[in-house]
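Just so you know, the sequences run in chain order E and B.
Its first residue numbered 413, the first sequence is counted upward by one per residue in the working numbering.
Its first residue numbered 413, the second sequence is counted upward by one per residue in the working numbering.
Derived from the structure by calculation, the hints contain no laboratory data.
There's no promise every hint is true.
The list treats identical chains as one, so a pair stands whether inside a single copy or across any two.
Computed cross-link-like contacts, DSBU-like style, restricted to lysine-lysine with a CA-CA straight-line distance of at most 30 Å [unchecked claim]:
id, residue 1, residue 2
1, Lys496, Lys746
2, Lys609, Lys658
3, Lys658, Lys589
4, Lys442, Lys466
So you can see what is in the structure, the chains are spelled out below.
There are 2 protein chains.
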Amino acid sequence: MASLHTVAIDVMSGDNGLEAAIPAAIVFLKKYDDTALILVGDETSINQELTKHKQSTSERLIIQHASEVVNMDDSPKLALRFKKDSSMRVAINLVKEGRANAAVSAGNTGALMATGRFVLRTLKGIDRPAICAAIPAASGHTYMLDLGANIDSTSEHLYQFAIMGSELVHAIDGVDKPRVGLLNIGSEDMKGNEQVKAAHDRLQNGAFNYIGFAEGNDIFHGDVDVIVCDGFVGNVALKTTEGLAKMLSEEIKAGYTKSLYAKFAALISLPVIRSFRKRFDHRQYNGASFLGLKGIVVKSHGGADDVAFANAIGIARKAVIEKVPDRIEAQLDKHLTK
Amino acid sequence: MASLHTVAIDVMSGDNGLEAAIPAAIVFLKKYDDTALILVGDETSINQELTKHKQSTSERLIIQHASEVVNMDDSPKLALRFKKDSSMRVAINLVKEGRANAAVSAGNTGALMATGRFVLRTLKGIDRPAICAAIPAASGHTYMLDLGANIDSTSEHLYQFAIMGSELVHAIDGVDKPRVGLLNIGSEDMKGNEQVKAAHDRLQNGAFNYIGFAEGNDIFHGDVDVIVCDGFVGNVALKTTEGLAKMLSEEIKAGYTKSLYAKFAALISLPVIRSFRKRFDHRQYNGASFLGLKGIVVKSHGGADDVAFANAIGIARKAVIEKVPDRIEAQLDKHLTK
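Can you build the whole structure from these sequences, using the hints too?
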C-alpha cells in the first residue's frame with residue numbers, strides 16, 4: 413500500500429470542530445480506498461469522538477496530536493507566533509515534511525493562509541497565493557479566484573491568478589482549455605477602469621484560454637470556467653451569493669409553511685424541491701483551494717457539517733492525484749521563460 | 413395647479429424605449445395626481461405611441477421633442493459631444509432650466525451620469541456622484557452605493573457616499589437614523605485592508621448612524637439600511653445578485669415543468685409562488701438614484717418593462733417631494749462646517 417495518498421485534517425477548527433471533521437473522515441474513508449487520513453488535534457478528544465462513532469484507528473486513519481487550536485478570531489500574526497502546536501499548523505507541517513500530501517482545515521482563513529505561506533512558501537513566480545472555489549452555475553459551475561486572500565491585486569497578480577485557476581480547473585474537472593474571464597463592470601467607459609484595462613491587455617498575452625471580460629451575473633451563466641478578480645471583490649461576490657441563496661431558501665421555506673394550504677403544496681412539491689436542493693446543495697461546493705503554495709491546502713467552510721467537510725477532503729484528494737502544485741509550477745515556468 | 417411636481421422622462425432610451433416608457437407614464441399619471449410628466453423624445457413616435465394607447469396630451473402630459481437618442485453602447489464622451497439634442501440630454505436640460513424637477517432615463521449609465529454631471533454639476537462638497545438603489549432583504553430592503561459610477565473610491569468618497577445614502581433613506585423611506593455599514597471582507601486582519609480601515613475610521617466621525625463593517629451577506633439580512641462601498645465592488649455585488657436570482661428562478665421554473673407530476677405540483681404551489689414572486693419582484697426595486705448632483709436624476713434599468721419604469725418615475729417623484737438634493741446639501745454643509 414505504498415501508493416496511498418495522505419491527507420492531514422485539522423479536526424479541531426471551524427464552528428463544528430470534531431463533530432463535523434470526524435464523521436467526515438469516516439465517510440470519506442469508506443468512499444475512497446486510495447487515501448489515508450491523519451487526524452490532527454487533541455488526541456484524547458479525537459479518540460473520544462472516534463469511540464462515539466465506533467471507529468478505530470488503522471493504517472488509513474492515523475492520529476497526530478496537536479495541543480493548541482487557532483480560534484476563528486485569532487489574528488494570523490497571533491496564530492503564527494504563539495500557536496506553533498496548533499492543529500492547523502501541525503497539519504501543514506505534515507505537508508512540509510512530506511508525511512502528508514495535502515492539508516484540510518475549517519479554521520480561520522487569514523491564519524490558514526498565513527500559516528500555509530509561512531510553512532510551505534509560494535511557488536517561484538507567484539507573488540500572492542489566491543483562494544479559488546467553484547460556485548454553482550446554470551450549467552455546471554464556475555470557479556472564481558481570488559476569493560479573499562489579497563486585496564488591491566495588480567494586473568500581474570490577476571495574470572498569475574489566471575494561470576493558477578486555469579490549471580486547477582484543467583486538473584480537477586478535466587476541462588481541456590478552461591475559458592478564463594476577467595471580472596469587470598458593465599459601463600466600460602466610465603471613469604477609472606484603466607486598472608482593469610491593463611489587466612485585460614496582460615491577460616490577452618497568456619498561454620491560457622482568455623475570453624475577455626465577465627460581469628457579476630456571468631458567474632451563473634456557465635459560459636466561463638474561471639473568473640479572475642481582486643480578492644476583495646471576489647469575497648464580496650461570494651458572500652453576496654451565499655447571503656442571497658440563504659435568504660431565498662429561507663423565504664421559500666417560510667412561504668411553504670405559512671398556511672395549511674401552503675404546507676399541503678410543500679408536501680406535493682417535495683420531489684421538485686428535493687431535486688432542486690440537491691442540485692444547489694452548497695455542501696457539495698465546499699472546499700476552497702489555496703493556490704500558489706508549494707503544497708496543497710484546502711479550506712473548508714467554517715460552518716461546514718460532515719457532508720460538506722467530506723467534500724473538502726475530496727477536493728484535497730483530487731488535487732493530490734492531479735499534482736496541482738506541480739502542474740501550476742510547470743505552467744509558470746512556461747510563462748516565465750516565454 | 414401651480415403645485416404640480418414635474419418629472420421629465422427620456423422615453424427613447426433603454427432596451428424597450430417607447431414601449432415601456434409610454435405605458436409607464438400612463439399608469440403613473442393614474443396613480444399620482446400631484447405630478448406632471450414631460451415625455452422627451454421624437455414627437456412623431458411619441459404621438460403614435462400615445463394614440464396606440466388612446467391617450468392624449470394634457471396639462472399633466474406634455475411632449476418635448478428631442479431629435480437624437482443615446483445608444484446603449486455610445487461612450488459618455490460621444491453622447492456629450494455629439495448628441496446635444498438627445499432625449500437624455502434634453503430631459504436633464506429641463507431640470508437645469510427649472511422646467512422639470514427630476515429626470516428619469518433607462519439609457520446607458522455612463523452617458524447618463526456624464527450628462528447629469530456636466531449639465532447639473534455636483535453639489536458643493538461632493539467629489540463624485542454615486543449611484544444608489546435598494547436591494548430586497550429578508551426584512552424590507554437595503555440601499556447600496558456606489559453601484560458603479562466610480563471605482564477606486566477613497567475613504568473621503570466613501571464618507572460622502574455615507575452622508576448621501578443616509579439622507580436618501582431618511583427622505584425616501586422615512587427611516588429616522590438609517591444604519592450605515594461599510595462593506596468589508598470577513599478576515600479583517602488579512603493583508604491590504606488598510607484602505608478599508610482608513611474609511612472605517614473616517615466614517616466613525618460622521619454625523620450619521622454608522623454601525624461598522626458589513627459583509628456581502630449582510631445585504632440580505634435587513635439589519636443595515638445603507639451599505640457604502642466602492643463602485644466596482646457595488647456593481648459586482650448588484651450584478652451577482654441579479655444573476656443568481658435570475659438563475660434560481662429559472663431553475664425553479666424548469667424544475668416545476670420537468671414532468672407531469674412537477675407541473676401538477678406547480679399548479680398546487682401557484683399561490684405560494686405568486687406571493688414569493690410579488691415579494692421579490694425586481695421591478696418594484698427598479699430606479700437607481702444618482703446622488704450628489706444639483707438636481708434629481710433617476711436611472712431605470714435598461715431592460716425595464718412598463719411596471720418597472722413606472723416604479724422608477726415613482727422614485728423620482730418621491731425625491732422631488734422630499735427635496736433630496738437640498739437635504740443632502742444641508743447635511744454636507746453641516747459636515748463641512750463641523
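Status of the hints after comparison with the structure:
Taking the shortest alpha-carbon separations for Lys496 and Lys746, neither the intra-copy value of 36 Å nor the inter-copy value of 52 Å comes in at or below 30 Å. Proximity of Lys609 and Lys658 under a CA criterion of 30 Å is satisfied inter-copy only: 28 Å between copies versus 34 Å inside one chain copy. In the homo-oligomer, the alpha carbons of Lys658 and Lys589 lie at most 30 Å apart only across protomers (28 Å), although the nearest pairing inside one protomer, at 33 Å, exceeds that limit. Taking CA atoms no more than 30 Å apart as the test, Lys442 paired with Lys466 passes inside one copy only; the shortest distance there is 14 Å, against 72 Å between copies.
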